[in-house]
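Chains A and B, in that order, give the protein sequences.
Every letter in the first sequence is one number past the one before it in this note's numbering, and letter 121, counting from 1, is 121.
Every letter in the second sequence is one number past the one before it in this note's numbering, and letter 21, counting from 1, is 21.
The set of hints was computed from the structure by calculation and includes no laboratory data.
Predicted model only: the values in this text are computed from it and were never measured.
For every residue, glycine included, the Cβ atom is placed at its ideal position computed from N, Cα and C.
Treat the hints with care, since some could be wrong.
[To be verified] A short list of chain B residues far from chain A (calculated; beta carbon distances all over 10 Å):
(1) Glu49
(2) Arg116
(3) Arg128
(4) Leu131
(5) Ala143
(6) Arg158
(7) Glu162
(8) Arg163
(9) Ile168
(10) Leu169
(11) Leu171
[Stated by the list, open to error] Going by beta-carbon spacing under 8 Å, a handful of chain A positions derived as facing chain B:
(12) Phe9
(13) Thr169
(14) Pro237
(15) Arg241
(16) Leu283
(17) Val286
(18) Leu287
(19) Arg290
The chain contents come next:
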Amino acid sequence: MAAGVGKTFRMLLDGHAEQEAGIDVAIGLLETHGRAETARLAEGLPIIPRRRVRYRDTVLEEMDLPAILSRAPDLCLIDELAHTNAPGTEHPKRYEDIEDVLAGGIDVISTVNVQHLESLNDHITELSGIRVRETIPDAIIGQADEVVLIDVTPEALLTRLRAGKIYPTERIDAALNNFFRVENLAALREVALRQVAEEVGAKRLTTELVGSREESVAADAPLAVGERLLALIEPYPGAQRLIRRAWRSSQRLGAELDLLWVRPPGRALSEDEERSLSALRQLASVLGARMLEEESDDAAAAIVDVALKRGTTYILIGRSRPARGLARLRVPLPQRLMQRLPGVDVRIVADRSGRSNSERP
Amino acid sequence: MSVFVVVIAAAAGVLLGLAAGYWLPPHGRAPAREGAQAARRILLPFGGEAISRRSLEAAVRLAKAENAVIMPAFLTHVPMNLPLETPLPVQAARGMPLLEAIEQRVSSQGIPVDSRIGRGRSPRDALRKLLDEEHFDRIIVSADEDPRTGGLGYADLRWLLERVPAEILILRPAPEDTRRISADALSGHF
Numbered sequence: 001m002a003a004g005v006g007k008t009f010r011m012l013l014d015g016h017a018e019q020e021a022g023i024d025v026a027i028g029l030l031e032t033h034g035r036a037e038t039a040r041l042a043e044g045l046p047i048i049p050r051r052r053v054r055y056r057d058t059v060l061e062e063m064d065l066p067a068i069l070s071r072a073p074d075l076c077l078i079d080e081l082a083h084t085n086a087p088g089t090e091h092p093k094r095y096e097d098i099e100d101v102l103a104g105g106i107d108v109i110s111t112v113n114v115q116h117l118e119s120l121n122d123h124i125t126e127l128s129g130i131r132v133r134e135t136i137p138d139a140i141i142g143q144a145d146e147v148v149l150i151d152v153t154p155e156a157l158l159t160r161l162r163a164g165k166i167y168p169t170e171r172i173d174a175a176l177n178n179f180f181r182v183e184n185l186a187a188l189r190e191v192a193l194r195q196v197a198e199e200v201g202a203k204r205l206t207t208e209l210v211g212s213r214e215e216s217v218a219a220d221a222p223l224a225v226g227e228r229l230l231a232l233i234e235p236y237p238g239a240q241r242l243i244r245r246a247w248r249s250s251q252r253l254g255a256e257l258d259l260l261w262v263r264p265p266g267r268a269l270s271e272d273e274e275r276s277l278s279a280l281r282q283l284a285s286v287l288g289a290r291m292l293e294e295e296s297d298d299a300a301a302a303i304v305d306v307a308l309k310r311g312t313t314y315i316l317i318g319r320s321r322p323a324r325g326l327a328r329l330r331v332p333l334p335q336r337l338m339q340r341l342p343g344v345d346v347r348i349v350a351d352r353s354g355r356s357n358s359e360r361p
Numbered sequence: 001m002s003v004f005v006v007v008i009a010a011a012a013g014v015l016l017g018l019a020a021g022y023w024l025p026p027h028g029r030a031p032a033r034e035g036a037q038a039a040r041r042i043l044l045p046f047g048g049e050a051i052s053r054r055s056l057e058a059a060v061r062l063a064k065a066e067n068a069v070i071m072p073a074f075l076t077h078v079p080m081n082l083p084l085e086t087p088l089p090v091q092a093a094r095g096m097p098l099l100e101a102i103e104q105r106v107s108s109q110g111i112p113v114d115s116r117i118g119r120g121r122s123p124r125d126a127l128r129k130l131l132d133e134e135h136f137d138r139i140i141v142s143a144d145e146d147p148r149t150g151g152l153g154y155a156d157l158r159w160l161l162e163r164v165p166a167e168i169l170i171l172r173p174a175p176e177d178t179r180r181i182s183a184d185a186l187s188g189h190f
């Protein structure tokens, strides 16, 4: 979540537990940030010394990747996953070093703050006003067998900060005035909780696809957390209203929003439709919604496919145009979706655009 | 015989037509248009938390007279330290209800509406990008927009008059009518 919540502490605790269980554990890289408690907890765990790297006129200390690979413990503890290495080392980024360690058959426990995740970087910058420079691709977290969230309330974290347990005394005021504000920490906490929930959900969906007995049990369980909305759109002006309504619902539910346009194969767009599509993309981008386009003759099948892949829990549809000809005999799209997606809510969004305002002052 | 054949052909034609109506997916048909083919386009840009009621009323009157589409455009500004395409949830939370309220007002008058979102480093930059991408026949702005809340200031209005090749209507609110439309004007929940 943020510096000082206890990530390194937890990593070391896990290291001790594994060591007691007979696993060969070594610390590949530890950042205590001068915290005595953390340094004390590292006692008893073998540390692979850092190496010195000369960069211009400075000598920097970096993790010794060749030494870790040579020592080859069963489990290596490597702090600060998002760290940028000094030039002249094997890789520019520490997460790339860790990929080598994993490839060498060594298990790794590492630590990272949520603001370092690439996909969340802009969002967190807008929330906090502070841009974090060191980022890691989200896929790195996706590769982890387990993601553990260290959750601390903003108030508790600030108490720890003021008590000098996170930064030295001279840095406390600056920290309080910058990143360590209750609103920033609360926002980060929310983002972190949501991110981990999504990771867990994504992993569950992946295992469900494999199809073992345990997984079929998991498939019957309701989604524990996280709503995901899917709004079905077409390139015409009224779709903006649907998107705004869907976005508003997603805000209330704290859910992600996907937009889907099922495009019939080979269909050419008119100039008006091109403009509408461009406006929809712009709207989606400002709202942070993901716009998806699928080419298919069978709209229902394409929607079901996307909904299953994305873990959709709500589908929002605008009011459909009156059916003509034998199309009147066809089962309407909402019903078809409800039949094929049990457990997914289907909502038809009313068009309130023409509602009278005469009663308003 | 030939009569019989013609009847069969006509029946087959009807059946084919009905079947096409059945099998063609709804999105295979051209979507209903909200307005005439060559409707004039009236841009109503705003960046603040409310717009002048007189501006909106003027846009509605003109749209009725000219058979035009009103295009309210919410101008967002992206801070320099963020990529231009970054999501803007805070500004969206302010602008979307207002956009919805404007659309409701315009639609309730039977006038087609087609909203836009402008994105730029400032409201003027957002408007410039919008104008670069699309043609608008007329632009209606209010002179009482507040640049401190994201609206267009006097310098922006001057820039509009000097640089933009569209018909521009700048409305100065009458002293006795400073009413503004904000998200509070929304009918029903949003």
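Here is how each hint holds up against the structure:
no.	hint	in the structure
1	Glu49	holds (16 Å)
2	Arg116	violated (6 Å)
3	Arg128	holds (15 Å)
4	Leu131	holds (14 Å)
5	Ala143	holds (24 Å)
6	Arg158	holds (26 Å)
7	Glu162	holds (26 Å)
8	Arg163	holds (22 Å)
9	Ile168	holds (21 Å)
10	Leu169	holds (22 Å)
11	Leu171	holds (21 Å)
12	Phe9	violated (32 Å)
13	Thr169	violated (30 Å)
14	Pro237	holds (4 Å)
15	Arg241	holds (7 Å)
16	Leu283	holds (5 Å)
17	Val286	holds (5 Å)
18	Leu287	holds (5 Å)
19	Arg290	violated (10 Å)
Checked against the numbered hints given earlier, the structure breaks hints 2, 12, 13, 19 and satisfies all the rest.
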